[in-house]
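Undergrad: These are the residues of each chain, in order.
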Amino acid sequence: MIRLVRAELLKLATTRLFLWLGLMILGLSAFVTSTRIASTSQLQLSGVSEQRSIVQFAAIGAIVALIVGIVDSAGEYAHGTIAHTFLVTPVRERVVGAKLIAGAIAGMLVAAFAEVVTWSIAAVWLEGKSVPFQLATRTVLDTYLGILGAGALAAVIGIGIGALFRRQTAAIVLALIWLLVGEPVLSIAGVQQYAPGHAIAAVASAGSSTSELLGFWPGLLVALAYAAVFAVAGAVAVDRSDV
Amino acid sequence: MPEQPPIEVRGLTKRYGSTVAVDDLSFSVPAGRVTGFLGPNGAGKTTTLRAVLGLVRPTAGEARVDGRPYRQLREPLRRVGAVLEADSFHPTRSGRNHLRVLALAAAIPVSRVDEVLAEVELSDAARRKVGGYSLGMRQRLSVAGALLGQPELLVLDEPANGLDPEGIRWLRDFLRAFSAGGGTVFISSHVLAEVAQLADEVVIIHHGRLVTQEPLETLIARAAGGTVVRAPEAERLLGLLAEAGIEATQVGEGELRVAATPERVGEVAAAAGIVLHELRAEGATLEEVFLALTSEGSA
Chain A
1 MIRLVRAELL
11 KLATTRLFLW
21 LGLMILGLSA
31 FVTSTRIAST
41 SQLQLSGVSE
51 QRSIVQFAAI
61 GAIVALIVGI
71 VDSAGEYAHG
81 TIAHTFLVTP
91 VRERVVGAKL
101 IAGAIAGMLV
111 AAFAEVVTWS
121 IAAVWLEGKS
131 VPFQLATRTV
141 LDTYLGILGA
151 GALAAVIGIG
161 IGALFRRQTA
171 AIVLALIWLL
181 VGEPVLSIAG
191 VQQYAPGHAI
201 AAVASAGSST
211 SELLGFWPGL
221 LVALAYAAVF
231 AVAGAVAVDR
241 SDV
Chain B
1 MPEQPPIEVR
11 GLTKRYGSTV
21 AVDDLSFSVP
31 AGRVTGFLGP
41 NGAGKTTTLR
51 AVLGLVRPTA
61 GEARVDGRPY
71 RQLREPLRRV
81 GAVLEADSFH
91 PTRSGRNHLR
101 VLALAAAIPV
111 SRVDEVLAEV
121 ELSDAARRKV
131 GGYSLGMRQR
141 LSVAGALLGQ
151 PELLVLDEPA
161 NGLDPEGIRW
171 LRDFLRAFSA
181 GGGTVFISSH
191 VLAEVAQLAD
201 EVVIIHHGRL
211 VTQEPLETLI
221 ARAAGGTVVR
231 APEAERLLGL
241 LAEAGIEATQ
251 VGEGELRVAA
261 TPERVGEVAA
271 AAGIVLHELR
281 AEGATLEEVF
291 LALTSEGSA
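Protein sequence lines correspond, in order, to chains A and B. If you read the first sequence in this note's numbering, its first letter stands for residue 1, the second for the next number, and so on. If you read the second sequence in this note's numbering, its first letter stands for residue 1, the second for the next number, and so on.
Here chain A stands alone, though its shape is the one from the complex (with noise of 0.2 Å):
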């Protein structure tokens, strides 16, 4: 097994996946810290709760890891490498096992890419307005461990979403629309916290609290249950297709 999630990492870092999402992480960082710091006074940005909250953007990290699970999955579709996957491992549950182990790792590593950048960005800047710095001291470390919890959650349901789905663009498309849309309306009725973005987002937000979000571990036995569904939905659509 450990072989096979070692073939699925190998697959993940011999494509341009990385290197388009990890700029796509680099962009979208620099401009949404460097905007909020710019706009926030000295005085606010020298609490340490303000601070984690600047760092928290990098629960991007998140949204981009749902990404990497879907094209990791739906792309062998789409690129018709499922084949080739199958034929060197016909159980197709320990493919789908791999898959899922190197999605949680390939997530918690683009979150800990976000969180690195996002984090140096925020170094600077505050260096720069002369703010002591708060962001490497234990109470942030919550945080940290709760955004990688968060990107390997969201790889982990991507991957099942993209097994379902089968094409790439169209998962990825309805995923953001949920996220942008579904869940927004979910929030009408007041039921948002139990959607599956706002609990990876309660994963992520570990360490600080908001009314929008369920607690931590309320929002992580959550989340670890969306996981769980997709992930067994995902296994059952691999099984039983024809490629």
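Read the hints as simulated data drawn from the structure, not as lab findings. Hints should not be assumed to be uniformly reliable.
Some residues of chain B that are not near chain A, with every Cβ distance over 10 Å (derived) [to be verified]: (1) R10; (2) T19; (3) F27; (4) D87; (5) R112.
Partial list, computed: chain A residues near chain B (C-beta under 10 Å) [to be verified]: (6) T15; (7) V88; (8) R166.
Glycine included, C-beta positions come from ideal geometry on N, C-alpha and C.
For this one, chain A is given, so just place chain B on it according to the hints.
TA: Chain B alone, transformed into the frame defined by chain A:
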């Protein structure tokens, strides 16, 4: 344990909705020979091969490799090499990385990747993106992937499709060498001529059903048997052939189609001193063989 045929298909049926792609198909591929898998486009060849390779789930019946379903093979790449029809690759991944992924998943040492790349003469392009490969290069990459595990059985689905004459010759030489080394080859095509120079045996399907499985010589004998002859005294020749008990029909001005070998027709003409302007064996097209075989089957 008794020797199992490398490929055995029993009562295989595959339906897509209301379309029956493969209909109660049974045949087996003998070891150590080249078996051609023939049928017109849409006959169900690809579906059958994909069922053999565990990619398509049969509606009924089964396909076995070495006596067991492909999905139960422990190290499938070491047993079967597959070249799929219009094989596809990730466009931004290099050919070498494509093979590295397969090798890693199949626990095959990466040194083997460079070996097979050299074997298919693709070493120079190995580190380039597959997106920039020609069709022939992709086909070679596909063959390289099939060879990774040094299998004794190769399954190829329409491998000559879209290849230029040079590519086709390369493939034919390669398969000849593989077969000479004792390997088993199962190769599909909709063009009889493509496999005629390679195959020992043919399996022919039509509308998802088995038409015949027989040695290539038998098929060729069946397909041939006709001779076209052109002679100024065609009508006299027609009469002489009839006297000799040979069936013949006039098909044009001074032209006859004769149900006998060119040798026999030549002998009859020579005996009567008839001048011939043309004498040739009529090579039946695969379509004609199909027609002949399918009408025999329904009679």
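Undergrad: Against this structure, judge whether each hint is valid.
TA: Do the hints match the structure? See the list:
no. : hint : verdict
1   : R10  : 19 Å, holds
2   : T19  : 13 Å, holds
3   : F27  : 21 Å, holds
4   : D87  : 7 Å, violated
5   : R112 : 13 Å, holds
6   : T15  : 5 Å, holds
7   : V88  : 5 Å, holds
8   : R166 : 14 Å, violated
Comparing the model with each numbered hint stated earlier shows that hints 4, 8 do not hold.
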